[in-house]
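S.K.: So the protein lines, in turn, are chains A and B. The numbering of the first sequence is this note's numbering, which starts it at 1 and goes up by one. The numbering of the second sequence is this note's numbering, which starts it at 1001 and goes up by one.
Source of the hints: derived by calculation from the structure; they are not laboratory data. Careful: at least some of the hints might be erroneous.
[Stated by the list, open to error] Below, in silico cross-link-like pairs of lysine-lysine (DSS-like), each with a Cα-Cα straight-line distance of 30 angstroms or less: (1) B:K1293 with B:K1338; (2) B:K1199 with B:K1394; (3) A:K70 with B:K1394; (4) B:K1069 with A:K70; (5) B:K1362 with B:K1133; (6) B:K1442 with A:K171; (7) B:K1362 with B:K1124; (8) B:K1391 with A:K70; (9) A:K70 with A:K171; (10) B:K1069 with A:K171; (11) A:K171 with B:K1199; (12) A:K175 with B:K1394; (13) A:K175 with B:K1442; (14) A:K175 with B:K1113; (15) B:K1133 with A:K171; (16) B:K1442 with B:K1113; (17) A:K70 with B:K1338; (18) A:K175 with B:K1391.
For clarity, every value in this text was computed on a predicted model and none was experimentally measured.
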Amino acid sequence: MDLYEFAVYRMFAPTLSIFILGLVYRLSRYAFLYRRTAQPAWRRRSLLHRIRILVDAFVHAIVASIRRSKVTFVTGIFLLHLLGVIPLLFLLSHHVVWWSYYFPPYAILRPLAIPTSATSSALTVTAPFAPITEMSSSFVNTVWGPLTVVLNGDVLALLAIIGTSFKLLEKVPEKVLEGLSRIRLGDFAALILLLGILISGYLATHHLPEGMEWYRLMLGTHVLLAEVLVMLLPFTKFFHFVFGFWYGKLHEAYDLWRRGV
Amino acid sequence: MERVEIEGIVDDVLRDLDPVTLHFLESCVSCGLCRPYCPYTVAGVRYEPVNKAEEMRKIYRARMTVAGKVLGGLVGASLPEEGDYDRLFDMAYRCVNCRYCYQVCPLGIYSGKLVIMLRRVLDKVGRTPTSLKYLQGIELSESVLSTERARERWEEILGEARSAVGGDLPLDREGARVVYLPWLVEAVLTPDVIVSTVKLLDMVGESWTMPSEPLGFEPPMGVIVGDRDSERAIFERIDSYIGRIGGEMALLSHGGTPYMEMRFEMPFVVNRRPGYRVLHVVEYLEELVEGGKVRLSRSPDGTVTWHDPCKLARGSGLIEAPRRLIRAVTEDYRDLPKGMGMYSHCCGGGTGLVFATCDGRKLLEEFMGEKLGHEEWEERLCPPLEEDYEKAIKQKVDEIIEANAGVVVTGCPTCIYNINRGATMYGGDFQAVHIIQYLLDKIEVV
Ligand code: SF4
Ligand code: SF4
């Protein structure tokens, strides 16, 4: 059994189990700490105001970063999250197939799939014959049209690699020169893991280095590292992705509603 | 201190952990976005919100996470030791609980809350500044006017208030609708505000009363020094006073910690919703205007700006009301350039910092007519704190200078003190005044 088979066939169930157990553990800590207490009288505000505050809770960090932390905005928010992780993870055509395999309704997003490279959708125009199956047609004949010049796996992966590398390198002077105790080993480990996933995915997509063994090794590495991330997710800062961000922002909106901010 | 003692202290501090605080402790991704928004980052990047909060996170991880217990320092988990106390003090007292970090954090984390938890740990190992400990003590004692001198000063203020209304004051009068609650800190920093508020209540013919002596210094001092039990005790005392009077409204002229805490935190702490409303004078005035009981007349005062006290704006949602009132009396109003409301920049000296500095301490000693002692570590740590506090208030002064405003209206005595102190130190040609002082002579009773 090679790494590819191990990652795809052996590790899937343990990954999912550890993830679910971890999730239950983390969420139950929140649930056990909950105590009902008296509430202050809420300040009266219109429904429209409340909706604005809810939306604002989700976007004002972006505004704040544009105002005073442009580097964090470009690298951390834009490259890493808005361009890198989110569209790549959920909309890259390979990933759409993968998600749909385990969760068939996900296929509904197929028309939004992002091609691997700038040239893959050009095939619909340049190829001398029509795609044989409906599936290949939907992945090649993308709705993104000319946008695929930038909105494609290659560009997004490169931008995400740049963003992640920057976040990683940025931590060195923060730790060494500024002596910030908040920079921990785990921060480096998390970003190195993310970088490993991005680079192995890129290499696998491009069959680099050439040869079937290499392809299986790269894809196997990509899948295995992604599984490691999923297993670690409930126990590391990656948890913000599935819980911390949503809980934090909803609580903040609720708190601001109460105070009438 | 033995390790087991420290463990007991930490367990005690973490006893009240709730899901929201757990989120604050566990969800930070160390993005650093909160850094440029904290008024104390100017004193050194180590004072960015997340790095200060990290000190509490280390303690939390050491006691409450499996990884922290097994891997310790490798995962950033450690319990404080004697040698750490100086650093922890520096971290805990470079925060004014202004909530700006909370407002800009992509995960909705309020680092200031963790800093206050750190103050709780420090309080239990004897690292609260003597002045703040003293204030907490008098707040919990029988009478906050614990010295002859303080009693005289308070009587002087009451005397001025009597002259302002031309008669006696309805002190401790049961059955009054409005219970005005001036605090001793206002008597120290802005005594005129007490007199002006009394005058307003009298002018509009309100059914009102006030305690014959302040019910607290700047309650709850327990929040400021990090002592949950004293916080509860003082809230209970205030609540029972208002209950005894039977008032419908608690009215505050202090728009800092006391207002926000009474309005939004007290119900959690005493676990019941008060049967009366808690209002800042801004809200009270606006109700009077809206109810047609008073009219505001215009008068030219040069350029006027409003400084949002953090706890009144970000903490309590009073952002537009003061602006509406000021705009009603002046044509030359302008907002401060760095940001307003949710994004306003803090004055740099709330949550007890004023009285932890040498000048604030002197002011207090003078008011109370009593010398406060010093711990040896305070001699070492308070001068740098003073320097950093001055750097923090300078940012506010620079912002006001940029706005070119001659009058800075605000609603909190600490902000007034800090801004005026900053103006004197850094040559600002402006004066900070309380909104009630600014508006009083522009109010016509209908
Ligand atoms: S902005 Fe929030 S998540 Fe980012 S470092 Fe500060 S506290 Fe942590
Ligand atoms: S509450 Fe204000 S002073 Fe305290 S850490 Fe946050 S931004 Fe800084």
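S.K.: Please go over all the hints and tell whether each is borne out by the structure.
M.R.: Against the structure, the hints come out as follows:
1. B:K1293 with B:K1338: violated, 36 angstroms
2. B:K1199 with B:K1394: Given pair B:K1199, B:K1394 is violated - Cα atoms ~34 angstroms apart, limit 30 angstroms.
3. A:K70 with B:K1394: Status holds; Cα separation ~24 angstroms.
4. B:K1069 with A:K70: Distance of about 38 angstroms is beyond 30 angstroms: violated.
5. B:K1362 with B:K1133: holds, 15 angstroms
6. B:K1442 with A:K171: violated, 56 angstroms
7. B:K1362 with B:K1124: holds, 25 angstroms
8. B:K1391 with A:K70: Holds, at roughly 24 angstroms.
9. A:K70 with A:K171: holds, 16 angstroms
10. B:K1069 with A:K171: Between B:K1069 and A:K171 the Cα gap is close to 25 angstroms, so the pair holds against 30 angstroms.
11. A:K171 with B:K1199: Between A:K171 and B:K1199 the Cα gap is close to 57 angstroms, so the pair fails against 30 angstroms, i.e. violated.
12. A:K175 with B:K1394: Distance ~28 angstroms between A:K175 and B:K1394 Cα, so the pair holds.
13. A:K175 with B:K1442: Cα-Cα ~56 angstroms, so violated.
14. A:K175 with B:K1113: holds, 24 angstroms
15. B:K1133 with A:K171: At roughly 39 angstroms apart (the allowed maximum being 30 angstroms), A:K171 and B:K1133 break the hint.
16. B:K1442 with B:K1113: Not OK: B:K1442 and B:K1113 at ~39 angstroms, beyond 30 angstroms, violated.
17. A:K70 with B:K1338: holds, 16 angstroms
18. A:K175 with B:K1391: holds, 24 angstroms
Consistency with the previously given hints fails for numbers 1, 2, 4, 6, 11, 13, 15 and 16, ordered from lowest to highest.
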